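Trainee: Input sequences plus hints: build the corresponding full structure.
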Amino acid sequence: MIVKYLEILLKTKMPEKNKDLPDQHQTEYRHYIGRKLIIMGFLLFLVIFLTAFIVTLGPLEISVVEVYQILLAKFLPGYFDTAGLQSQIVCNIRLPRIVGGLMAGFGLGICGCVMQAVLKNPLASPFTLGISAGAHFGVAIAAVLGVGVIGGPYLLIGNAFVFSMLCALFIIALSSFKGATSETLILAGIALNYLFSSLSSLLQYFATDEQLRVMVSWGMGDLSAFSWCNFHLILWIFLICTPLLYLKAKDLNIMTIGDENAKSLGIDANRVRMLGMLLASLLTATIVCFTGTIAFIGLVAPHMARMLIGSDHKYLFPAAGIMGALILISADAIGMNIIRPTIIPTGITSSLLGVPFFMYLILKKKRKEFW
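Last residue of the sequence shown: 375 in the numbering used here, with the numbers rising by one and none dropped.
FYI, nobody ran anything at the bench for these hints, they're computed from the structure.
What you are looking at is a predicted structure, and each value in this text was computed from that prediction instead of being measured.
Check the hints yourself; a few may be wrong.
[To be verified] Listed next, the in silico DSSO-like pairs over lysine-lysine satisfying Cα-Cα at most 30 Å (straight line):
{"id": "1", "residue 1": "Lys40", "residue 2": "Lys254"}
{"id": "2", "residue 1": "Lys124", "residue 2": "Lys78"}
{"id": "3", "residue 1": "Lys254", "residue 2": "Lys318"}
Mentor: What follows is the structure, given as structure tokens:
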């Protein structure tokens with residue numbers, strides 16, 4: 005009986021493996037990656053197109069052809085005839101503002117994405133963690149009391165950087181305590197936000213009209229502080245922090261399955277979390293020194309990018325940066341040109357521009373697709 009059963013079993017053909025299955029997976033993966041790259045390419049095209057358009061906007065109308073003649077004249081002098089006034093406006097006023105806005109928006113988008121990833125909280129951003137409020141308090145001390153870390157033209161910038169970093173270092177130190185959760189850090193950041201906002205309001209109460217003007221204008225956010233003279237201060241920090249943050253994208257992907265599982269794969273979650281927060285805080289502190297309080301970009305740009313790209317940080321980081329740059333330069337252009345000659349602060353226009361669109365995406369998408 006057993007012999008007959010074995011004979012039947014041996015004669016039975018095993019189902020053949022689907023040899024096309026690996027190829028199907030590879031094809032699907034290529035389509036998956038290709039879709040992400042197409043979306044990122046489209047966003048990058050929008051940034052380039054808007055940059056070329058925004059540089060022509062202003063009280064003095066300059067065509068696109070004239071703008072590029074001015075730019076080419078810098079590299080090929082003598083081949084293009086450009087007016088001196090137009091050249092000064094494009095090269096020394098509009099371009100520094102646009103390039104600074106691109107870098108600031110890109111940096112805030114990435115910083116918000118990193119903070120949301122390491123804290124595993126969709127509400128994490130430089131603003132909700134109190135970093136922007138700390139910078140504003142530093143500016144208030146410099147404007148009202150005249151006390152600063154460094155003097156001269158960098159009095160406000162130096163104070164903003166130091167106090168924003170103090171706030172960030174407090175959050176990082178708190179994360180090293182045993183039992184500290186992401187909710188604890190978010191609540192601590194909100195508490196610091198209220199603390200520094202209250203102290204800034206107290207100094208505003210005793211400020212003179214000129215001191216109050218400085219504090220209020222800085223608190224609303226603006227890109228007018230960017231110039232070629234101080235551009236190198238933000239450029240070096242930007243070039244150091246953004247590549248280092250991108251190198252941690254794979255570790256952050258692994259950390260989404262939990263700290264214990266990440267540890268079993270050789271990832272020190274606490275070390276990655278502290279390093280990510282430190283780099284993101286350093287870049288944020290450098291940016292807000294020049295832009296002031298722009299609360300919207302770091303919170304919303306990562307979510308908008310996530311809805312388009314997905315949660316793979318390898319592609320989410322650059323997409324969030326491009327989205328942040330796109331929102332910031334668009335908001336700045338609208339604020340400068342919608343009610344001439346009045347200039348609406350960038351922090352106001354960025355919120356007015358992005359919040360309705362963001363609310364539409366939240367209501368349209370399912371919760372599981374949102375985070």
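Trainee: Would you mind marking each hint as holding or not holding in the structure?
Mentor: Going down the list of hints, with the structure as the test:
1. Lys40 <-> Lys254: holds (17 Å)
2. Lys124 <-> Lys78: Distance ~47 Å between lysine 124 and lysine 78 Cα, so the pair is violated.
3. Lys254 <-> Lys318: holds (7 Å)
When held up to the earlier numbered hints, the structure conflicts with hint 2 and nothing else.
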